[in-house]
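Participant: Turn these sequences into a full structure, and let the hints guide you.
Number of protein chains: 2
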Amino acid sequence: MQTDHLLKQVSFIKEIDKLKYIQRKTKLFNSDRQENDAEHSWHLAMMTIVLAEHSDKPIDILKVLKMVLIHDIVEIDAGDTFLYDVAKNHTNTDEELLAAKRIFGLLPTAQAEEFIAIWKEFEDGITEEAKFAKSMDRFEPLLQNTSNNGGTWLEFNVPYQKVYDKKKAIKNGSTTIWNYAENLINESVDKGILKK
Amino acid sequence: MQTDHLLKQVSFIKEIDKLKYIQRKTKLFNSDRQENDAEHSWHLAMMTIVLAEHSDKPIDILKVLKMVLIHDIVEIDAGDTFLYDVAKNHTNTDEELLAAKRIFGLLPTAQAEEFIAIWKEFEDGITEEAKFAKSMDRFEPLLQNTSNNGGTWLEFNVPYQKVYDKKKAIKNGSTTIWNYAENLINESVDKGILKK
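From first to last, the protein sequence lines stand for chains U and D. Okay, so the first sequence: first residue is 1 according to UniProt numbering, each after it adds one. Okay, so the second sequence: first residue is 1 according to UniProt numbering, each after it adds one.
These aren't lab readings, by the way, just hints derived from the structure by calculation. For glycine and all other residues, C-beta sits at the position ideal for the given N, C-alpha and C. A couple of the hints might just be wrong.
Stated by the list, open to error - Over the 10 Å line for every Cβ pair with chain D, so calculated as not near, a few chain U residues: (1) F156; (2) Q161; (3) D165.
Claimed, not checked - Label-pair ranges, simulated between beta-carbon atoms: (4) U:D60 <-> D:I193: 38 to 46 Å; (5) U:G105 <-> D:N179: 21 to 29 Å; (6) D:Q34 <-> U:P159: 34 to 42 Å; (7) U:K166 <-> D:N157: 45 to 53 Å; (8) U:N30 <-> D:E95: 18 to 26 Å; (9) D:G150 <-> U:D60: 41 to 49 Å; (10) D:T3 <-> U:D165: 19 to 27 Å; (11) D:G79 <-> U:N186: 37 to 45 Å; (12) U:A169 <-> D:K191: 44 to 52 Å.
Facilitator: Set out below in structure tokens:
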């Protein structure tokens, strides 16, 4: 019984290795190499630890860490959707729900249910933890694009207003980080790496 | 003052992007592609969340997560040392301490001190949290090598006893996981992917 429990966990641990092959659109800092989802998830976890103090509301840091570590695992089946994709909504697709059930379903039942619930909580973005996790998810590519001379904004011709509207979610987690981020966005227009 | 604080944190967040370029010897599961330190750190964090229940002693999961997320950041300056390297000791070199001071030193002072202390606690391996974190760090490449038909054991001609001695650290964190791991090691000898 105990062994069966551990075997299920090991099969999950092996399966999620595939996250290292899911390429994002965004590039690493000062680089032409695309970031993968495992690297991205690690970076968000580090940002959560470093920046948690700027959350406007008290948050359970362990829960935020769980959210950012698992938030993209569904992309193993569903693939990465670009934030500014015009044809496909980024969040909560049927495809992603199926993926969550299959992949987290490799775990022992209680743990599978816990992980699916945490993933849904992140997607819904209502709790303080989900708001902060989402602000990290928006802030990392903003830092990357401003370090990469416009990065995916220029590459995919994303206009200022679209960037501003998407990035504004940072404000739901932290006013301090949003003030900094808003400034970066406006400076990017001045620098010509983001078009109004 | 508040802005200066955040600016320091952002410079740290940008600097640690370099962890994504530090290649380990070990390959991804069922793959020929080497794993990098950021991917490895993410995987250990996931394993911590999934396997924490098997710790022999009560542990502070948030602290273990911080340990595994930051444990390899010093390698940005000091490089990755192979676990079975014969010329160089794996842990706690002067080079790594200098790296810790430089990289964590980018953060605001109190946070820099906290991160250096957590990194040292991991390296010392004395607390229950450090023991469990180290057991995750030993367990992941064991799973990779057994999935990769011997992987780095065959590639670098590492004998059974050396593997056994290094992997035994898993027991300090979890008897349950060690029992499973010990079995995997012995099976590997039977399969001819680990030489006695």
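Participant: With reference to the structure, classify each hint as holding or not holding.
Facilitator: We went through each hint and held it up to the structure:
1. F156: Label holds. Min Cβ-Cβ 21 Å, cutoff 10 Å.
2. Q161: holds (24 Å)
3. D165: holds (23 Å)
4. U:D60 <-> D:I193: 38 to 46 Å: holds (43 Å)
5. U:G105 <-> D:N179: 21 to 29 Å: At roughly 26 Å between Cβ atoms, D:N179 and U:G105 fall inside 21 to 29 Å, so the hint holds.
6. D:Q34 <-> U:P159: 34 to 42 Å: This hint holds: roughly 39 Å between Cβ atoms.
7. U:K166 <-> D:N157: 45 to 53 Å: Once the Cβ atoms are compared, 52 Å apart, the range 45 to 53 Å for D:N157 and U:K166 holds.
8. U:N30 <-> D:E95: 18 to 26 Å: holds (24 Å)
9. D:G150 <-> U:D60: 41 to 49 Å: For D:G150 and U:D60 the Cβ distance comes to about 42 Å; the hint holds.
10. D:T3 <-> U:D165: 19 to 27 Å: holds (25 Å)
11. D:G79 <-> U:N186: 37 to 45 Å: The hint (37 to 45 Å, Cβ to Cβ) holds, given that D:G79 and U:N186 are roughly 40 Å apart.
12. U:A169 <-> D:K191: 44 to 52 Å: Cβ of U:A169 to Cβ of D:K191: about 50 Å, so the range 44 to 52 Å holds.
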